[in-house]
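Chemist: Each protein sequence line maps, in turn, to chains P and E. Every position in the first sequence, counted from 1, becomes a number in our numbering once 10 is added. Every position in the second sequence, counted from 1, becomes a number in our numbering once 10 is added.
Simulated from the structure, these hints should not be mistaken for lab results. Glycine included, every Cβ here is placed at the ideal spot set by N, Cα and C. Be a bit skeptical, because a hint or two may be false.
[As the list claims (entries may be wrong)] Stretches of chain P that chain E covers, calculated by requiring three or more beta carbons in the stretch to come under 8 Å of a beta carbon on chain E: (1) 138-144; (2) 169-178; (3) 191-200; (4) 282-289; (5) 315-323; (6) 430-436.
There are 2 protein chains.
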Amino acid sequence: MRKLQVTYLPSGTVATVPEGTTVFNAAHWAGLPIDSTCGGRGTCGKCGVRVVEGHAERTLADYRHLNADLDEGWRLSCQCAVTGDMVVEVPRLLHMPKAATMGVGRFVLLEPNVATYVFEVPEPTLEDPRGHLQRVRDLLEGEGIEVTCEPAVLPSLAEAFADEPSTITATVVGDHLVEVEAGDTSGRMFGVSFDLGTTTVVATLLDLRSGAAVGVASTINRQSPFGADVIARMGHAMQTDEGLEQLRTAALDTLNAVLTEARSTAGVEARKIAEAVVVGNATMLHLLLGVHPRSIAVSPFVATFTEPLDLRAADVGIGIHPSGRVALFPSIGAYVGADIVADVLATGLARDGEMRLLVDVGTNGEIVCGNAERSAASAAPAGPAFEGGQILHGMRATDGAIEGVTLTGGEVELQVIGGPDEAPRGLCGSGLIDAVAQLRLVGLLDEKGSLLGGEQAAGHPLADRLVDREGIRAFELAPGVLLTQLDVRELQSAKGAISTGIEVVMHHLGVVAADLDEVLLAGSFGTYINPRSAVVLGLVPPVPVDRIKAVGNTASEGAKMALMSFREREVAFELPRFIEYVELSGAADFNDRFIRNLAFPPIEPATTAGAAG
Amino acid sequence: MRKLQVTYLPSGTVATVPEGTTVFNAAHWAGLPIDSTCGGRGTCGKCGVRVVEGHAERTLADYRHLNADLDEGWRLSCQCAVTGDMVVEVPRLLHMPKAATMGVGRFVLLEPNVATYVFEVPEPTLEDPRGHLQRVRDLLEGEGIEVTCEPAVLPSLAEAFADEPSTITATVVGDHLVEVEAGDTSGRMFGVSFDLGTTTVVATLLDLRSGAAVGVASTINRQSPFGADVIARMGHAMQTDEGLEQLRTAALDTLNAVLTEARSTAGVEARKIAEAVVVGNATMLHLLLGVHPRSIAVSPFVATFTEPLDLRAADVGIGIHPSGRVALFPSIGAYVGADIVADVLATGLARDGEMRLLVDVGTNGEIVCGNAERSAASAAPAGPAFEGGQILHGMRATDGAIEGVTLTGGEVELQVIGGPDEAPRGLCGSGLIDAVAQLRLVGLLDEKGSLLGGEQAAGHPLADRLVDREGIRAFELAPGVLLTQLDVRELQSAKGAISTGIEVVMHHLGVVAADLDEVLLAGSFGTYINPRSAVVLGLVPPVPVDRIKAVGNTASEGAKMALMSFREREVAFELPRFIEYVELSGAADFNDRFIRNLAFPPIEPATTAGAAG
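Full structure from sequences and hints, please.
Modeler: Structural data, given as structure tokens:
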């Protein structure tokens, strides 16, 4: 895809965007605000810029709003598509919106997609046959806003005008009129972001006036009884007639449960929440809408929808204002979902010159790499090892799970969830990674992933920890908690899949490890991975450890950013077009690479020093 | 409002339209087809015309579709607003669509708003990560169609692609994707038009492929138990808490009942009906959507909505395809509703040079007058007399009702519903009008509406028919069927209201009776009024009787035209902007005019001759 540069004066900010992006949205990519009240719909006429260099067609909206200035190069930036490199001059913002740092150090202008308008309404007269809807439309048009109106809004419109009020408040989400109320009710306005994870579901209730999170709630996805991961869930939908409906209901019930909890914490009525933003992988979003995911399950892995959807809350069943809107983030592909798009939004990947690699480690590892010039994504089937599955003493990251391991001299130091007094009961994913990495560093595990035998290990200060369990070698981490040779093999397979995915994506882009400015470990699991261990295992490319960052639940952060800023949302919705999708099973040399990546990288002296430090 | 003329070459057809109409739609006003597959949404690029005279901005769509020809004046007619008089050249239509005569001799091109597209679909591959929705969108875009997709359509999309079909059929209504099915299912496609009258509800099921009406059903509006007319219905909504919901349910049940009857006659499944068009007065449409009509009931008589609405069938509750669309015609004002807009569409009023007066006589008399240059509408509260209400022996137009009266010599000739053997039991509206007009013609009723007394009538061949009933003079039409002096007063009041409405509208336009080319009596009642009698009473202006036409249920006809032709629909939806609304109670001299109009006009010799002939 052709990338083009727009230079904005006087700041000199440069945005690199795909052909066809508008000059208005390109500015969002670069974090530069251009004035607008209609959000880029060509109706308010406030987003004019002067084109200094480059080609810009005149549009009907230009004639309507900028008539006299057209010859001097003025254009509405929201109607002006970038078709070549351009230089434009942007007027200074008269009212700088409030801003906040969100996601991974992203500077976000707080201009939500939800807006309220308070109008004085003149008394109706016999001379003016306009209906209530037309009156509201005319008032909104005066503000540069054109709206559509669902039939369900009409009864409330009649009620709002029942007592001939002198003031009304119109709530608009995007270009949808959601409610009209008598009086000034503009004081309180909320939105909710949902991260619909396969395992965990999080709701964050945001005060759209201040940007503050006023309620957060999370819970296990109620689909869990139907399968631990997306593959199992899809299987359930395919095996039984009622499976799809069970999964849909479970997803919806989970969202409404966390919403209700967040609402009651904050004391916010459902009707005061005008918008929800939902992120999640493609399978979760399909199930939420009752769309059968069978085509995602089998090659060539086609989703039914990947585009962003703008839905009515009552249609989806989410318990906010029934005429409120639900925005679903777009997906990049069937296995690189809306959650990853939210990750990308929250981390700033693909929007500046920094070359970033983002890895969301789970049963599916999603990988995105790139900068403003070019970026690509893929997904690697890691299997359940990182979540403790198929591991002898594997367990979820709850009390008693070993989450960190340090082997120094003859000592085994364990970090156990629940505190130092908690007896270790098993290994969670980060503990597994740490344990294997430490065994590599102290020389008890070779490059091929074999634990040393008794004789080879003789004289090693930790030799007495090597045991035999039913003919299988194992390392005793704690009394009753073993790491077996088979566990190591499971981990090798999981990391082999992910590192192959990373390799294929980087190869696709022509990027090598030294090019990477940042490696971002995302997702709730990513947060707990020891960056050093990730490098030692070869889970991520060999970069200096300080370039590796655990960024936490960036999917939730991305959803919140889109809720608080229509500009960030525009970027999120355009991202899939910008990010190339690389299908791993389509890569000719995938199997060769995978076999090669089962091995661990050699221990670099620098890394060894790090481990000892 | 400024009216502008567009002349289309080579035919020389002239359209007179309000400023801002597109060149494409202006052609529809004049009945001239310009090629298009997208229906005027700027996406198919087929509606190009060459602007020979006049000003036409270039638009983004022009650049996209007509690039090279812009300098020669080519523009997409659907994107080109008329801002001054213009002359344009229209390419000859390569494929003339089928046409039929509908409404009152209207020539209608059969191009419904519903379309099906059959596509060959290539097998999905690993290299192509597009989702099913995107594939369908891309295929439609190749045909120049851009669609939106409701969430409820997505599950059917997944089903359609479940078995990797080689062919799919997409059903599109306007710009809504309604269904995608595997295989070629394009053979059968239906639509339904509803006339939601206060008294009678009619459904017509149309085969959208042929234009044939395959099923018609009508019934009494199930709201009738809640009141005979719109005033009573609104009262019911205001008096009880559950009134509004009762009325909504009753209206909806009635529509679904006639729909089911029409469907079973024709053997058509609900899912094969992709669109419904609904006309009715503003109160009926408000009640159908559960919108409280209280503001229509009291001065200044404001509707909540008057604009055309494009709704999802499942939202309204109408039993066609749940994702199918329901189009509600727009209203001109709170008392000149969508039914009258349909009347206007069906009669061609306001679209050519003919000066027409349309009167829909009922408890409310709606009046529209005008030609392509200018037109205006009003409503007059006639009361129930025309429907037999407040009349001693008044009755509905059913078996036994006198519907026609002729007084010649000493004879009383009656036309009774049910045939010559049916005993007359009472008078329906047309019989009432006839009786009074005949009494005027034979000299038994004076200009002020007083029946002659016994002495004054002495010697008249019909003197023996004049009787006294409890001190009130009366004329005996048949044994036991009297027309009393009070009945005449009721009729005077009703006709006074309507003729005042006509007078005010014609005065508003500066039109006199001699200017009228046609007087159209619309509505099921209008069909039965004897034109001569209408002139004798002064119900309509004094025009030669051959200029008066009973046009029948033109509301239903207009709805059917809009269902069969997107071009006619565009005109219908623009009509309210074109027709000035005159509020009778706002006319300063309304009362004076009304009092004056209670009297009957003098008997003109010509009219008398007509009566005798």
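Chemist: Is the listed coverage of the segment 430-436 of chain P by chain E valid when you require three or more residues with a beta carbon under 8 Å from a beta carbon of that chain?
Modeler: violated (count 0)
Chemist: State whether the coverage of the segment 191-200 of chain P by chain E holds or is violated, taking the criterion as 3 or more residues with Cβ-Cβ distances under 8 Å.
Modeler: violated (count 0)
Chemist: Apply the coverage criterion to the segment 138-144 of chain P and chain E: a residue qualifies when its Cβ sits closer than 8 Å to a Cβ of the chain, and three qualifying residues are needed.
Modeler: Per the Cβ count (7), the hint holds.
Chemist: Is the listed coverage of the segment 282-289 of chain P by chain E valid when you require three or more residues with a beta carbon under 8 Å from a beta carbon of that chain?
Modeler: violated (count 0)
Chemist: Closer than 8 Å Cβ to Cβ for three or more residues is the test here. Does the segment 315-323 of chain P pass it with chain E?
Modeler: Answer holds; 5 residues pass the 8 Å Cβ test.
Chemist: How does the segment 169-178 of chain P fare against chain E when you require at least three residues with a CB closer than 8 Å, holds or violated?
Modeler: holds (count 3)
Hint violations for this structure: numbers 3, 4 and 6, all remaining hints satisfied.
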